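Could you put together the complete structure from these sequences and hints?
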Amino acid sequence: MFNKMKAVLASLIISILIFSTGVSAYDDIAQNSPYFYAVEYLRRNDVFQNSKLFKPDILISKAEFIKYLVLLNSPKFEPAPRVTLPFTDTSNNAWYAPYFKEAIKLGILFNKEEKINPYQKLTILNALELLYHSRGIPIPREYVGSIPYKDVKRNKRSQAIVMRSISLGVVSPEKSDFFGLYKRVTRAKAAHMIYKMDLVDLRDPGMSIGMTSFDLGLQKIINSWDLIKSNFVDRDELDDKELSNKAIKAMIETLDDPYSVYFDQTENQNFNDIIDGSFEGIGAFVAVDENENVIIVSPIQGSPAEKAGVEAGDIILKVDDYNAEGEPLHDVVNKIKGPKGTIVKLTFLRNGRKVIIPVTRGVINVNSTEYEVIGSGNIMHIKLINFNQIASGEFREIVEIISNNSKIKGVVLDMRNNPGGLLDVAIKMLGHLLPNESPAVQIKYNYFNLTQNTSGEGVLKDLPIVVLVNKGSASASEIVAGALQEVRGAPVIGETTFGKGTVQEVNYFGDDSSLKLTVAKWLTPYGKSINGNGITPNIEIKQGGAENEDRQLDRAILELKKLIK
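Take 1 as the starting number for the sequence shown in this note's numbering and just add one per residue.
Heads up, some of the hints might be wrong.
[Unchecked claim] No farther apart than 30 angstroms at their CA atoms in a straight line, the calculated lysine-lysine pairs in the DSS-like style are these:
#, residue 1, residue 2
1, K196, K55
2, K340, K249
3, K383, K565
4, K542, K562
Treat the hints as calculated values from the structure; they're not laboratory data. Please read these numbers as outputs of a predicted model, since none were measured by experiment.
Next comes the structure, spelled out in structure tokens:
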């Protein structure tokens, strides 16, 4: 039953792209790689460690494959300092020894075996046998039926296990008439086979004895679908896509989480446009506050919303005649968005009074960064506007400009009204600002915690820096501010930030729909919870002042000059 649960959960937690605040996988496993799901699934289960490179094409040994199986099937496993193995060709002091000992307990290896050949390069057949042992599945010995694969026909011992494995979807033949029985297994291929076998459910689908509430609930959904498709009076008029879309949306609504959203094909494209940095609408980032109000986090600089007078903190009451109070975030956003040139009338609650603002929608091109040299030519003022897909490259270019200008002695990192974006972009930026392998953020999943470290060269790690934030700074901008404040002791100036401390992952389906799901909470490097609390500045400064006066920036420059030697 546990494996059935894993099979369903995998479709939810394996993210093709860890978008809004998810964690990226490896630099050498592309998002469109056929191995991405498998590698990410095993990484989430602590089989693979977080590192810059996965090295998918390395041929692995039998010992390494057994280690993977042990870590997946024994999550609480701790290597014993001393073990004794019964095999004639292994060492009790080798790195693999404790894993082999655990493998015996799990039934992956057997005491009666004389030799293991731990460093032998793994073949497909070897891997299949170990996989069957790891699941407690008897290896089939005879196969009745036609076999189209030349190499399998010549090896009678392999026929049953190979044909069974193909039918289960664990492996696929190389060609229509050649399986690839003795092909060496790469690390990526090993991950794919383990993943596929781990999701196999070998029970009778109709079995209900001993089923958990999870199993029964899932079976009820499946049975309901079958009944509707078979017996509904107008079944020929049913739209399968609409049925599945609405069923998933109904499940998501029961989560009562404004940041978990199912996007159908059209909605998914709109979401990707925003991530890519261009869309049509009013140009404002929104969220849900602690009272379940849909609230403006920040208008985008230069957007129709900003020009019309929309402000951070405005609570949306109505969109034209649509009552937005208590409505799901995604529904409100869809009402606000629309073609350029059209007008939407927004009713806000601002400081206890209603404000009605008409906004003409436009094409919103979300800039990621802006910079200028200020002061006496020795301070770089960097405005981080958004953590979208292009922000990382733009920030790297600014870092190079600073590195090549010896006159610049300090940085003001301005993240005011920055609503956040992609977690991996924030981590990459911190890689320029913190020493290599510095803790950037703690991520708290259901069953484990993960500390995400930086992996950059820390080019600006010794350059004095001051951080500017306000109540419109959220999510990824809070991650950057919290890490710089705690790890580097950088002064944070301005106002307490928004306080969005949850992690969403975007999971794509084959029909171009997607599920954005809250999967974790994040904490600062030293364990401070941000959700609902925000980052508290070292020096609190309200903006106010004259129209062209920037009190917060002025104070940041003053504090930075104290740090510049």
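Here is what the structure says about each hint:
For the suggested pair K196 and K55, the alpha carbons sit about 20 angstroms apart, so the restraint of at most 30 angstroms is met. Among the hinted pairs, K340 with K249 is consistent with the structure: their alpha-carbon atoms are about 28 angstroms apart, no more than 30 angstroms. For a cut-off of 30 angstroms, the pair hint linking K383 to K565 stands: about 24 angstroms separates their Cα positions. Restraint check for K542 and K562: satisfied, since their Cα atoms lie roughly 21 angstroms apart, inside the 30 angstroms limit.
Checked against the numbered hints above, the structure violates none of them.
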